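Asks: In case you want the letters, here they are:
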Amino acid sequence: RKEVEQDPGPFNVPEGATVAFNCTYSNSASQSFFWYRQDCRKEPKLLMSVYSSGNEDGRFTAQLNRASQYISLLIRDSKLSDSATYLCVVMGNFNKFYFGSGTKLNVKP
Amino acid sequence: ETGVTQSPTHLIKTRGQQVTLRCSSQSGHNTVSWYQQALGQGPQFIFQYYREEENGRGNFPPRFSGLQFPNYSSELNVNALELDDSALYLCASSFDSNPSPLHFGNGTRLTVT
Numbered sequence: 001r002k003e004v005e006q007d008p009g010p011f012n013v014p015e016g017a018t019v020a021f022n023c024t025y026s027n028s029a030s031q032s033f034f035w036y037r038q039d040c041r042k043e044p045k046l047l048m049s050v051y052s053s054g055n056e057d058g059r060f061t062a063q064l065n066r067a068s069q070y071i072s073l074l075i076r077d078s079k080l081s082d083s084a085t086y087l088c089v090v091m092g093n094f095n096k097f098y099f100g101s102g103t104k105l106n107v108k109p
Numbered sequence: 001e002t003g004v005t006q007s008p009t010h011l012i013k014t015r016g017q018q019v020t021l022r023c024s025s026q027s028g029h030n031t032v033s034w035y036q037q038a039l040g041q042g043p044q045f046i047f048q049y050y051r052e053e054e055n056g057r058g059n060f061p062p063r064f065s066g067l068q069f070p071n072y073s074s075e076l077n078v079n080a081l082e083l084d085d086s087a088l089y090l091c092a093s094s095f096d097s098n099p100s101p102l103h104f105g106n107g108t109r110l111t112v113t
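The listed protein sequences correspond, in order, to chains C and G. All letters in the first sequence, in the order written, are residues 1 to 109 by our numbering. All letters in the second sequence, in the order written, are residues 1 to 113 by our numbering.
In short, the hints are calculated from the structure, not lab data. These figures come from a predicted structure and were not determined experimentally. Don't take every hint at face value.
Stated by the list, open to error - In silico lysine to aspartate or glutamate, EDC-like type, Cα no more than 20 Å apart, as pairs: (1) C:Lys96 with G:Glu82; (2) C:Lys96 with C:Asp39; (3) C:Lys45 with G:Glu52; (4) C:Lys96 with G:Asp96; (5) G:Lys13 with G:Glu82; (6) C:Lys108 with C:Asp82; (7) C:Lys96 with G:Asp84; (8) C:Lys42 with C:Glu3; (9) C:Lys96 with G:Glu54; (10) C:Lys96 with G:Glu53; (11) C:Lys79 with C:Glu15; (12) C:Lys45 with C:Asp57; (13) C:Lys42 with G:Asp85; (14) C:Lys108 with C:Glu15; (15) C:Lys104 with C:Asp39; (16) C:Lys79 with C:Glu56; (17) C:Lys96 with C:Asp57; (18) G:Lys13 with G:Glu75; (19) C:Lys79 with C:Glu3; (20) G:Lys13 with G:Asp96; (21) C:Lys45 with C:Glu56.
Stated by the list, open to error - Output of the computed footprint for chain G on chain C, the stretches with three or more beta carbons under 8 Å from beta carbons of chain G: (22) 43 to 52; (23) 87 to 96; (24) 99 to 109.
Even for Gly, the Cβ is constructed at its ideal location relative to N, Cα and C.
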């Protein structure tokens, strides 16, 4: 079983839509959680950390459910520039980071 | 504050050759980790260096090796290249405090023919 699993998508949504991605992780001892964004042929960039209480950054909201071992990312009022691959990242033991395969988002005009 | 820099950006090698990739960590960061990202996949952890020693390794064979220098820069060496080694190689730096997000370099795109 993979450490981190994501729906690869693609999610094709119109501008202005709300879209949500989920990610599950296998190691219940995982310490920290992040969402990264990766544009085509570029390096991943940190979008936001995910805190136990949930957190929001503008149009982006991240939630963590430790009991069910999943993380979610909600994007409101989607913009064309949100089109990218979103990577779920979990930090396990010994500061090792495990990446999901990514969920591709296409925002259409 | 300088970010993570990697060199070269692109590289073409033939099967059986050896390659060295280089990474300079972001200022203030003392931990460097290397990832391999095949097309359509997420980055896969190769190994991590902290204070010049390897302190974590993923499921990669011994022909993948590395170094970290006193200034925290790092090298990834791959011997006996195989076609499947073609990928984007990403270096990330972080500070050893917990939790500490990763900051990636632009990557080196390696093609093995």
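Asks: A separate judgement is required for each hint: does it hold in the structure or not?
Replies: Results of checking the hints against the structure:
1. C:Lys96 with G:Glu82: violated (26 Å)
2. C:Lys96 with C:Asp39: Given pair Lys96 of chain C, Asp39 of chain C is violated - Cα atoms ~23 Å apart, limit 20 Å.
3. C:Lys45 with G:Glu52: Status violated; Cα separation ~25 Å.
4. C:Lys96 with G:Asp96: The given pair, whose Cα atoms are some 11 Å apart, holds under the 20 Å limit.
5. G:Lys13 with G:Glu82: holds (10 Å)
6. C:Lys108 with C:Asp82: holds (10 Å)
7. C:Lys96 with G:Asp84: violated (23 Å)
8. C:Lys42 with C:Glu3: Answer violated: Lys42 of chain C to Glu3 of chain C is near 23 Å, above 20 Å.
9. C:Lys96 with G:Glu54: At roughly 12 Å apart (the allowed maximum being 20 Å), Glu54 of chain G and Lys96 of chain C satisfy the hint.
10. C:Lys96 with G:Glu53: holds (15 Å)
11. C:Lys79 with C:Glu15: Holds: Lys79 of chain C and Glu15 of chain C sit about 5 Å apart, inside 20 Å.
12. C:Lys45 with C:Asp57: The given pair, whose Cα atoms are some 15 Å apart, holds under the 20 Å limit.
13. C:Lys42 with G:Asp85: With a Cα-Cα distance of about 18 Å, the restraint between Lys42 of chain C and Asp85 of chain G holds, given a limit of 20 Å.
14. C:Lys108 with C:Glu15: The given pair, whose Cα atoms are some 6 Å apart, holds under the 20 Å limit.
15. C:Lys104 with C:Asp39: holds (10 Å)
16. C:Lys79 with C:Glu56: Status holds; Cα separation ~17 Å.
17. C:Lys96 with C:Asp57: Violated - the C-alpha atoms of Asp57 of chain C and Lys96 of chain C are around 25 Å apart, more than 20 Å.
18. G:Lys13 with G:Glu75: Given that 20 Å is the threshold and the Cα spacing comes to 17 Å, the pair holds.
19. C:Lys79 with C:Glu3: Distance of about 30 Å is beyond 20 Å: violated.
20. G:Lys13 with G:Asp96: violated (34 Å)
21. C:Lys45 with C:Glu56: Status holds; Cα separation ~17 Å.
22. 43 to 52: With 5 residues close enough to chain G, the hint holds.
23. 87 to 96: That given contact holds, which follows from 6 residues of the region 87 to 96 of chain C lying within Cβ reach (below 8 Å) of chain G.
24. 99 to 109: holds (count 4)
Going through the hint list in order, the structure does not satisfy hints 1, 2, 3, 7, 8, 17, 19 and 20.
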